[in-house]
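Participant: Chains A, B and C, in that order, give the protein sequences. Mapping the first sequence onto the working numbering, position 24 (from 1) lands on 68, and the numbers just tick up by one. Mapping the second sequence onto the working numbering, position 291 (from 1) lands on 359, and the numbers just tick up by one. Mapping the third sequence onto the working numbering, position 125 (from 1) lands on 133, and the numbers just tick up by one.
The set of hints was computed from the structure by calculation and includes no laboratory data. For clarity, every value in this text was computed on a predicted model and none was experimentally measured. Using N, Cα and C, we set each Cβ at its ideal position, and we do this for glycine too. Don't take each hint at face value.
Unchecked claim - Straight-line Cα separation of at most 27 Å, DSS-like style, residue types lysine-lysine; simulated pairs:
id: 1; chain 1: C; residue 1: Lys142; chain 2: C; residue 2: Lys31
id: 2; chain 1: B; residue 1: Lys290; chain 2: C; residue 2: Lys142
id: 3; chain 1: C; residue 1: Lys31; chain 2: A; residue 2: Lys68
id: 4; chain 1: A; residue 1: Lys68; chain 2: C; residue 2: Lys20
id: 5; chain 1: C; residue 1: Lys118; chain 2: C; residue 2: Lys13
id: 6; chain 1: C; residue 1: Lys118; chain 2: C; residue 2: Lys31
id: 7; chain 1: C; residue 1: Lys118; chain 2: B; residue 2: Lys290
id: 8; chain 1: C; residue 1: Lys13; chain 2: C; residue 2: Lys101
id: 9; chain 1: B; residue 1: Lys166; chain 2: B; residue 2: Lys122
id: 10; chain 1: C; residue 1: Lys20; chain 2: C; residue 2: Lys135
id: 11; chain 1: C; residue 1: Lys142; chain 2: C; residue 2: Lys79
id: 12; chain 1: B; residue 1: Lys85; chain 2: B; residue 2: Lys103
id: 13; chain 1: C; residue 1: Lys13; chain 2: A; residue 2: Lys68
id: 14; chain 1: C; residue 1: Lys79; chain 2: C; residue 2: Lys20
id: 15; chain 1: B; residue 1: Lys290; chain 2: B; residue 2: Lys330
id: 16; chain 1: C; residue 1: Lys79; chain 2: C; residue 2: Lys31
id: 17; chain 1: C; residue 1: Lys101; chain 2: B; residue 2: Lys290
id: 18; chain 1: B; residue 1: Lys232; chain 2: B; residue 2: Lys330
As the list claims (entries may be wrong) - Covered stretches of chain C (chain A as the covering partner; in silico rule of three or more C-beta atoms under 8 Å from a C-beta of chain A):
id: 19; stretch: 18-26
id: 20; stretch: 38-51
id: 21; stretch: 54-63
id: 22; stretch: 75-82
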Amino acid sequence: MDRIPVLRMGSLLLITIQVDMHDKLALQLQDDVTHRITEYGSTGVLIDISSLEIVDSFIGRMLANVAAMSRVLGAETVVVGMQPAVAITLVELGMSLPGVRTALSVEAGMELLLTAAAETAYGFDDERSQA
Amino acid sequence: MNDLAEIISRNADSIRKQWMAEMSGSVQRTDLMSKTELDEQCRAILESIIEGVKTSGPTNVSGPGWDTARQLLQEISASRARQGFSPTEVATFVLSLKQALFSAIRTAHTTAKNQDQLFDTVWAATELVDRLALITTEAFTATREELIVRQQQELLELSTPVVKLWDGILALPIIGTLDSSRTQVVMENLLQTVVATNSKYAIIDITGVPTVDTLVAQHLLKTITAARLMGAECIISGVRPQIAQTIVHLGINLEDVITKAKLSDAFALALQRSGRAVVRQGPERASGISSLLVKKEE
Amino acid sequence: MNVLKRDEQPLKSSSDVVAARQKVRQWSTELRFSLVDQTKLITAASELARNALDHGKGGAMTIELISNHGKSGLRLIFEDQGPGIPDIEQALKDGFTTGSGMGLGLGGSKRLVNEFSIESEVGKGTKVTIIRWK
């Protein structure tokens, strides 16, 4: 089976999930993302799930895992474009994806990641100037 | 052929007249229905009753001979339910027939010596009218229930308007009690509008919600969590003092939720978070009639 | 309760779970479920199909169009010949897991449907039945 493409956009990675997920695809994706983050030194990961019609606990766990793994490597993850019906179902299922940041659209997600990156950069500057 | 059927068919005209007279004394609503229309209905019902008694007997009103009568009564009472007749008025419409029938039976039996037969006929007439009244009442209730269900549905759709306050800021003023079915509609409506208008901030105003119990709070929390999963942020406003007290007494955890006392506070916060500010640019300007007056004086 | 239509979907591999989801989507679209109701039923089906595969070592899903007193709905039955569940009450609690999920499978699916029943015998297998009415 083919893999889910991981695109590089400047300092960010963009992943658009369009197919019905299954185990191998999910494992492959986790592998790809972690490798690309180290390869490109990415500071953020955008996962666009706007075309996903359902998110069950398996996909939910995959999203949480990617976010956790990326964080360990120094990159923030934002999940964008979750459909209302999917969100309602996920809440009823008992999954609120704590620790995963979200945004309404790819643009909003990019803005979120870039502002977050800029803020950390400022923080770093401040510490240096004080020292 | 049985006694009752014969009496009714022979005295159909006089029975109908007395029936009409009975009703005009008690429940005739000339404001809702003309006398000729009522007369027409009575005639049709009597004809169908004669047919029923002849073919299926007076007590077996669910039998095939009574099809016309049942259908007719159901139609009439359904239309009356919609017109706004009261249950008593609709039931009495059929029950008034009893007096008329009894009179006819009495006249027919003045010469008869057979008391047993008289009582049998009277009993048959009573039972018949009662059963017909039951059919009418049932049809009446069914129509009213349909009406209620439809109105509930309409109310659900009407009662959850999502309004856009600013680019990227929505408000949902909730009025009335939140139950499970309503929350689902409210939730879907809000979240769909969030996507459609690409709004990051949604203010849920609960000024019009009479009480907040654990269930309502749970519904609110679910909506907020779902919105967060989509990348939007909810602010609850319109928390009245009693509700604030109830929430704390019930031990409901709203710590992860932004709450404000007033809708205007929530709006100000949403503006601030989206990097906007409302700035006063000068003194308040006179408007409308007063500004015209000022000009004249000059 | 009348069964108007029935179909079966084996659950032997990960791609069967995808096929089961698609079948449920197709049936619930035909029955004109609202989008949210569709999503809830498909998600529940996905959870239970994965359960049957991961814990029950494979099985089958039966999908039925049913009607009862004028209302219609979909009934899904998931059967496996796996090890069975010794303590059903515990398995229904959130956070309970023996496999790779988040432990929301059974309890979570129960919240997504109108009717939920589970029968399990240790050593023989598990049968989960869910119904969502229109």
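Participant: Now, for every hint given, state plainly whether the structure supports it.
Facilitator: Comparing the hints with the structure gives:
1. Distance check on the hinted pair: Lys142(C) and Lys31(C) sit about 17 Å apart at the alpha-carbon level, within 27 Å; holds.
2. Between the alpha carbons of Lys290(B) and Lys142(C) the distance comes to roughly 22 Å, so the proposed pair stays at or under 27 Å and holds.
3. This hinted pair checks out: Lys31(C) and Lys68(A) have alpha carbons roughly 21 Å apart, not beyond 27 Å.
4. Distance hint between Lys68(A) and Lys20(C) is fulfilled; the C-alpha atoms sit about 15 Å from each other, no more than 27 Å.
5. At roughly 23 Å between alpha-carbon atoms, Lys118(C) and Lys13(C) fall within 27 Å of each other, so this suggested pair holds.
6. Distance check on the hinted pair: Lys118(C) and Lys31(C) sit about 20 Å apart at the alpha-carbon level, within 27 Å; holds.
7. In summary, the hint linking Lys118(C) to Lys290(B) is supported, as the alpha carbons are separated by about 17 Å, within the 27 Å threshold.
8. Simply put, Lys13(C) and Lys101(C) have alpha-carbon atoms about 33 Å apart, too far for the 27 Å limit, and the pair is violated.
9. In summary, the hint linking Lys166(B) to Lys122(B) is supported, as the alpha carbons are separated by about 18 Å, within the 27 Å threshold.
10. Restraint check for Lys20(C) and Lys135(C): the C-alpha separation of about 16 Å stays at or below 27 Å, so the hint holds.
11. For the suggested pair Lys142(C) and Lys79(C), the alpha carbons sit about 7 Å apart, so the restraint of at most 27 Å is met.
12. A C-alpha spacing of about 12 Å is found between Lys85(B) and Lys103(B), which places the hinted pair at or below 27 Å, so the restraint holds.
13. Between Lys13(C) and Lys68(A), the direct Cα distance comes to roughly 34 Å. Violation of the 27 Å bound is thereby established for this hinted pair.
14. Between Lys79(C) and Lys20(C) the alpha-carbon distance is near 33 Å, which puts this suggested pair outside the 27 Å criterion.
15. For the hint linking Lys290(B) to Lys330(B), the alpha-carbon distance of about 22 Å falls within 27 Å, and the restraint holds.
16. At roughly 21 Å between alpha-carbon atoms, Lys79(C) and Lys31(C) fall within 27 Å of each other, so this suggested pair holds.
17. Between Lys101(C) and Lys290(B) the CA atoms are separated by roughly 19 Å; this keeps the pair inside 27 Å, and the hint holds.
18. Among the hinted pairs, Lys232(B) with Lys330(B) is consistent with the structure: their alpha-carbon atoms are about 17 Å apart, no more than 27 Å.
19. Given as covered by chain A, the stretch 18-26 of chain C passes the check, having 4 residues with a CB less than 8 Å from a CB of that chain where 3 are the minimum.
20. For the stretch 38-51 of chain C, the stated coverage by chain A is satisfied: 7 residues place a CB nearer than 8 Å to a CB of that chain, which reaches the threshold of 3.
21. Taking a C-beta to C-beta cut-off of 8 Å, the stretch 54-63 of chain C contributes 3 residues in contact with chain A, enough for the three needed, and the coverage statement holds.
22. Note: the stretch 75-82 of chain C has 0 residues with beta-carbon separation from chain A under 8 Å; the three-residue rule is not met and the coverage is violated.
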